[in-house]
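Asks: Each chain is listed here by its residues.
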Amino acid sequence: MGQVITKSRALKLLKKLKIFDQWDAAKWAYRQGWEIDKRNFIFWTVLNILGALIPVYSLRVIKEIIDYITANIAAGSLSDIAWRIGALCGLWVLQSSYHIIPEIIKYTMQTRYSIAMQRRYATFVGTIPLCKFDNSEFAAKISHVGSTCNRLAYVMGGTASFIGAFAGTVGLFWLAFTTSWLLLLIAAVFFAVALVLTGKNYRQHYDFWAVAKLEIRKQDYYAGLITGRESGKEIRAMKLNDFFRNRWRTLTEKLSEMQLDLDMKSAKVNHILGLIHLGFSILILGFGVWLLRRGDIMLGGLVLIWQLHDRLYSSMHSLVRHYMYTLSYLPFMAEQKEVFEMVFDETGLPSREHKEIIPQDPETIFRLENVTFGYNPDQPVLKNISFTVKRGETVALVGDNGAGKTTLIKLLLGLYAPNKGKAFFEGMPYDELTQEYLYSKMGVVFQDFKQYHFTIRENIAFGDIKQLHNDEALMEAARKGQADKLILAQEKGLDTFLGREYEEDGLALSGGEWQRIGVSRAHVSDKEILILDEPAAKLDPVAEMEQFMAIKHSLHGRTAVLVSHRLGFARLADKIVVLKDGEMVELGTHEELMKANRHYAEMFRAQAEWYEGRVTGNGF
Amino acid sequence: MASNGKLKRSKGVGIVETLFTTGKLLFEACGPKEIGLLTVGLLGYLIPAGMIFLQKEFFNHAEQLVIDPSSTVIRDIAVTLALWSGLMLAQWVVGIIEGHASRLVNIRINNYMMNRLLGKIGSIRYEYMDTPEVFNKLEWVSRELPSRIAQVVYSSLGFVGSLLAGSSVGALGFSEDWRIALIIIAGGIPACLFVHLQNDEEYYRAQWESPELRQQWHVFRLFTRRDSIREMRVGQYSDYLMEKWADLSLQLRNHRYKYIRKYYLFNVLSNIFNYTSIGVALWIVCLRIFDPVSGTGIGSFMLVYGVAMSLQGDIISLFSDISGVAATGKYLKDYYDLLRYDSEELAGEDDPLPENGDITFENVWFHYPNTDRYVLQDINVTIKQGEKVAIVGENGSGKSTFVALLCGLYQPQRGRITFAGKELSEVLGLMRRATSFVFQDFGRYQLTVADNIRIGNTYRELTEGEIITAAKRADADGFIQEMEQKYNTFLGSLEQGRTDLSGGQWQKLAFARCITRQEAKVMILDEQTAALDPISEARFYREFRELTGDRTAIMISHRLGATKLADRILVFHEGRIVEEGTHEKLMSKNGLYAQMYEAQAQWYTA
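One line per chain: the protein sequences are A and B, in this order. Take the first sequence: its letter number 377 is residue 377 in our numbering, and every next letter is one higher. Take the second sequence: its letter number 380 is residue 380 in our numbering, and every next letter is one higher.
No wet-lab data here; the hints were simulated from the structure. It is possible that part of the hints are untrue.
Claimed, not checked - Simulated crosslink set (DSS-like; lysine-lysine; CA at most 25 Å straight-line): (1) 120/B - 254/A; (2) 137/B - 239/A; (3) 218/A - 120/B; (4) 410/A - 355/A.
Next comes chain A alone, as it looks inside the complex (with noise of 0.2 Å):
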């Protein structure tokens, strides 16, 4: 019981100096670190250390030295000061090859650890159900993590100098103890006044860049704009310049007058501590003078006392940098503590381990049972839908903008969960499935698919990786989504890099050119099943058509989801699914939906009208 009290209250008085309020935080980042590679940081820190200890030695060499002189220049023997000063030589090579080391320390740590904690965040990120990604907060925090897990690396760099620069003021500190108790007195002094002068300052540092995070954001938005090429068109054209300039020069000048600010207050700290050390360096001089008179010590002590001084300066000045600059890390582990500690609800989706799985009913492929989805349970973006589709059907999903269809499209993919109601696959409800088994049966393109800044190779490869070097099946897919003519019209084929970020002859492709991209990928090993989201949104009416025709004569027999505005095309299907604020509205065959007269009908008129010669515009 006395244990506790006395670590807790331990705890609350360095909370108080401000000195250490993120225990957790640093605890874990070693654990971390430690997990990762121990054997390189225990050498590194251990070559810090004695590489800190060097100047104990060299200054110990100095004072011998000169006590040696005034002790011998009467009798004129120099032999025995030269090795004394190629002693002394030696020990500042060492020292100063000792200084590399941080820089080095830095290059393979970082690389090591960076690598390490990237490697576990990727797999970490595997495990997270994808509904919660649509919580921007939550998006922007895992997205923000992925960018700084790099950070450990800084922070056991960090405390290897520190502990290095810890055993180097030891070490000083015990020549001081040797040496005059003054000196120890002195070094005492200003070690604790440096702390906690120090401290503060970190406080405000930090308050600051919470601050200013946000507004950096923001001007880098701005300057981005500028010398990004997505709005290079309507800058000009729309003589947008002035304007975003203007907004980034506001910013900058209120952040340097920040900025400016938080820089006086920490060279404030630091002239505090050199006016104290000026003082302090006058005063161990003159006592220096007094011991020297009295006989208490040689010249070589005077020496020593001086410049073990100034030594210990530099050395606590260093220790208390490394501190402050593994501390301002701690904030960042303390984020990726919390995220990676997450645990997830996975109820409703398909795991992520390899079982052997037989379907329940293999020919009701989907089947939902008053499902209500929304991504904030209490404003559902789906209300209570009902379908199947069998084995081989063909179902177009209509409906407005935001009316669900994209959501619905991932609830049966198994990326989303049910709030209410039930959901199955062949029979079975999404957690009985594999991820592995449930994927390997889709062929799947979004509306917003990714392009990716590799070789066209890899983009359709992407449907089915496993067939990355099988050209056949490859081109095969591409010939199905209308992009085998744009392949072989490129000298490399499908090893052309798409993209020119990265590569100076990468192909830039048109939105169009991207799209059948994107559907090539879907049609990679003739997956049992479809889902095509907004599949010819980008094309031309021709290609657009035959992409539809394309599709069409593409399924055989297979069973397939299509999700398109452009009603034309939802004839095509068996069966017809419309939503409309997030219920379904209407459910049957083309001529069954035109006969009802409602909802899909109206729509379809809306379109269809200006093809039909009677136009109800102004002019005609």
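With chain A held as given, fit chain B onto it using these hints.
Replies: Then chain B, alone, in the frame of chain A:
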């Protein structure tokens, strides 16, 4: 996948030239106050020499004190100590000034340069933005600006400081014993050469790694963003991407390791030289001390020690700063290169708007800067003020390029384009002011809703009423009113929280921008209805005439049904206008247009 490192290694830029440029920047960006403070701060570099001299005196007196503890000696010591303290204090004061001044100068130059860059880049000819050489350079320059400018500022200041300190301390050393001074200087040379070599390498490495680093980072970023995470999960290829990333990381790491090994070796070697020469110098001074004739006291040992430490440090700093300056010299050259690209000439911007904004293309041929293939061939067309023209054609037929030339974003290699009877290049500013746009890939800016509309007209101050009217006419006011902060809602994620709009809602905002330009003579609409739902789209078509008024309207669209609204339809095919006319005329011709029309209509008619 990695680029095969066929990078042109840049030639060095003269140190003197760079220093001169930095000096010029200093005077351009900073006021007399900053420069004054800086000068005072730099003068502080002369102090160490004085201090070392006083140290010598101090220790000589101390040596005397042991032999002769008389009050005169004590008085001498006290005086020396007092002077020494005075210098220490002065150094402290000047140090404060220098620190503050250099930070101030750094920020001022940083902001000045970025401001210039932004002003220039926004106005250079658009064709430059499309070449990888330019946009890569731009991305690199703007990204590296803060750290590079800090480097050049501090390196330049350090250079001047080291020069002052080194010369004053060196002079002190020479006055003591010229042989010693020479030996010390000689010992420092290998270190300098090495430092210079290392920094050259560093620049090369930064450049070489740049695309590699970006690619590695790009692959890793795929794991942090939800759109790629979603696809990786469904496609089950996270492992593949992890391997790809691991390969790239390994490449980067090996390259870095090679560099480090060399660095370490050089460093140790040059240190050995350094300190050996200091050792020799100390030996020589010892010889003199032990020579009773010379009258040299122990103070000289301290002086040589002090000079050696200081001078060696100064020489190394000097060359390190020189290399820092040199490395940045290449960066500065890139920066100024960017500033040298031609700007657009926005002539006629302040002229009164013409009554007749007729547009003509006369025998226009155009190809993009980095290819030879003509994307537009022999385009001849006149669009009269007030005409409603629809432009159709398959992807790659030249439609968007036609519009880009119309906006003056590119210049044709052959032929000419006129606006209101004058060459477009001579009235570009006027034409832009007279035209309102909705591009296919319009910007979704992270600003408030009101600002997102306001940017439609940067030629004058818009009233709140005008913004709301524009939103209403674009059918956007409805959903805006449903948002909590209505027109002050911040879109995107730069403020606390996040607001997203759907594709259709953004499209309406983009159109509202267009409408704020009441005074425009021409309206260019590129795939204006692509993201709208059928009902909104139909509404737009119905109100088309009313919305466009007596302006010229140029519409690019895939939706051929809507082209019936136009007075004239231009059909593009493989860079040429192959058909022209009203809908009826083109249908009766039964050519390309009729074919495209049927392709779409067949889905909707019986």
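Asks: Now tell me, hint by hint, if it's right for this structure.
Replies: Status of each hint after checking the structure:
no., hint, in the structure
1, 120/B - 254/A, "22 Å, holds"
2, 137/B - 239/A, "23 Å, holds"
3, 218/A - 120/B, "20 Å, holds"
4, 410/A - 355/A, "23 Å, holds"
This entry satisfies every hint, going by the numbered hints stated previously.
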